[in-house]
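Visitor: Sequence:
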Amino acid sequence: MTTIRCALLLSLLVPACVAADPGDDPSTATTSAAVTAPGGGGGGGTGTNCPWWGCGSNSPVIGPWNFHELDADGEPNDAGLQLVVMIRKGLKYMPEVIGAELVGHSFDEQSYPSIRGAKVAGAILVVDAPDGTYELTIHRVARVTPYWVGPSTLNYTYELDYQGPDQGDVRPVCGNPPIEDKSYPNALGALLFAGDRYDAKAKAVIATGVDETRGWFNIACAGSALAKLHLNRHTTAGEDGAYVAKRPQRQAMLKMFVSDVCGTGQPFTVPGEPLHYQNATKWMKLDGTETSDEALWTADGAICLDKHRLEANPSPLFPTIRQDIEDACALAGHKLPTCAELGVLPDQWQKLAYLLSANP
Numbered sequence: 002m003t004t005i006r007c008a009l010l011l012s013l014l015v016p017a018c019v020a021a022d023p024g025d026d027p028s029t030a031t032t033s034a035a036v037t038a039p040g041g042g043g044g045g046g047t048g049t050n051c052p053w054w055g056c057g058s059n060s061p062v063i064g065p066w067n068f069h070e071l072d073a074d075g076e077p078n079d080a081g082l083q084l085v086v087m088i089r090k091g092l093k094y095m096p097e098v099i100g101a102e103l104v105g106h107s108f109d110e111q112s113y114p115s116i117r118g119a120k121v122a123g124a125i126l127v128v129d130a131p132d133g134t135y136e137l138t139i140h141r142v143a144r145v146t147p148y149w150v151g152p153s154t155l156n157y158t159y160e161l162d163y164q165g166p167d168q169g170d171v172r173p174v175c176g177n178p179p180i181e182d183k184s185y186p187n188a189l190g191a192l193l194f195a196g197d198r199y200d201a202k203a204k205a206v207i208a209t210g211v212d213e214t215r216g217w218f219n220i221a222c223a224g225s226a227l228a229k230l231h232l233n234r235h236t237t238a239g240e241d242g243a244y245v246a247k248r249p250q251r252q253a254m255l256k257m258f259v260s261d262v263c264g265t266g267q268p269f270t271v272p273g274e275p276l277h278y279q280n281a282t283k284w285m286k287l288d289g290t291e292t293s294d295e296a297l298w299t300a301d302g303a304i305c306l307d308k309h310r311l312e313a314n315p316s317p318l319f320p321t322i323r324q325d326i327e328d329a330c331a332l333a334g335h336k337l338p339t340c341a342e343l344g345v346l347p348d349q350w351q352k353l354a355y356l357l358s359a360n361p
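Count the sequence shown with this note's numbering and you get residues 2 to 361, in order.
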């Protein structure tokens with residue numbers, strides 16, 4: 002059984018998950034890290050000026066720009082960031098993320114070969130932003146991070162630093178790594194994966210599959226919600242045989258980890274909140290140590306709520322968590338009975354929801 006730490010921060014979104022002992026069942030987790038929203042946009046969560054993916058999260062940032070995706074074909078993302086070219090040792094490459102691996106395609110194979118794997122270390126991704134040009138350097142490449150579900154195939158992680166306009170020092174793109182989380186053997190590195198796109202504000206999966214997402218790839222810092230989704234094989238790049246999650250299932254997991262109870266994109270969690278969960282397809286299971294059920298989750302958020310994680314583990318950031326949730330859901334017209342009222346626990350909930358979360 003795995004103990005995962007998912008971190009979501011306070012007002013926004015997507016948590017990060019840490020799976021201790023990746024070889025175990027990853028159905029226990031701790032909410033602990035979020036990903037930031039395009040453009041650094043404020044207003045996420047509880048009315049703060051946090052980026053949409055969450056305050057304090059280990060999310061990609063360059064200068065003032067919060068983001069989670071880039072387009073290898075050069076289309077600007079919602080923050081206005083545009084990937085221009087990849088350069089290594091003076092040679093130019095066309096970048097592409099295939100599955101969960103970065104490839105640099107040579108513009109002249111007869112003169113110099115394409116690069117991938119550890120050979121992209123030292124490469125620079127040149128990114129144009131509204132305030133100038135940034136250089137993202139791949140400081141190190143490691144292949145030590147296994148999936149938490151199914152075959153423990155190792156993923157590449159990429160340690161990224163950046164320099165920007167009028168910036169003398171070098172700074173990490175992922176600036177808040179979960180150093181002590183053993184489920185991230187390379188906590189300083191980011192996963193890169195293609196095949197899924199996300200709306201940070203709505204906490205929604207907006208596209209899946211190579212055809213729908215062509216060119217776009219995600220930068221998922223260790224501990225972020227996107228990293229967690231991928232390591233739980235709830236991404237196109239993470240699919241493997243029997244482990245294939247459909248778009249609504251991927252979105253349900255995203256909603257659960259960020260505690261987007263009302264389905265509006267507003268999360269209700271803080272870093273370090275423990276959480277256990279299991280899915281209807283039994284990839285992940287509860288371990289029997291749970292003290293209370295939390296909620297049942299679909300792509301629209303929670304369909305019922307018993308004891309919220311912040312009631313089980315109170316946080317001074319949400320002193321009135323139950324009332325906060327009830328007010329937000331009432332405003333959204335989102336009905337929220339207790340799970341006991343639905344009468345489907347403990348073994349009939351799979352007819353109504355994809356995930357059951359519980360408090361350890």
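One or more hints might be untrue.
Stated by the list, open to error - The list that follows gives simulated cross-link-like pairs (lysine-lysine, DSBU-like), each with its CA atoms no further than 35 Å apart:
id	residue 1	residue 2
1	K308	K202
2	K202	K352
3	K120	K247
4	K283	K247
As the list claims (entries may be wrong) - The following label-pair restraints were derived from C-beta to C-beta distances:
id	residue 1	residue 2	range
5	D74	L155	25 to 35 Å
6	P317	L346	26 to 36 Å
7	E342	L155	18 to 28 Å
8	D348	A119	16 to 26 Å
9	G75	P249	23 to 33 Å
10	T321	L92	51 to 61 Å
11	K120	E181	23 to 33 Å
12	G75	T292	28 to 38 Å
13	G216	T321	21 to 31 Å
14	P320	Y113	15 to 25 Å
15	L346	T321	36 to 46 Å
16	T321	R172	31 to 41 Å
17	L155	L92	20 to 30 Å
18	Q349	Y244	20 to 30 Å
In case anyone wonders, no lab produced these hints; they're calculated from the structure.
All values reported here derive from a predicted model rather than from experimental measurement.
Glycine included, every Cβ here is placed at the ideal spot set by N, Cα and C.
Visitor: Looking back at the numbered hints, which does the structure fail to meet, lowest number first?
Guide: Structure breaks hints 7, 8, 12, 13, 14 and 15.
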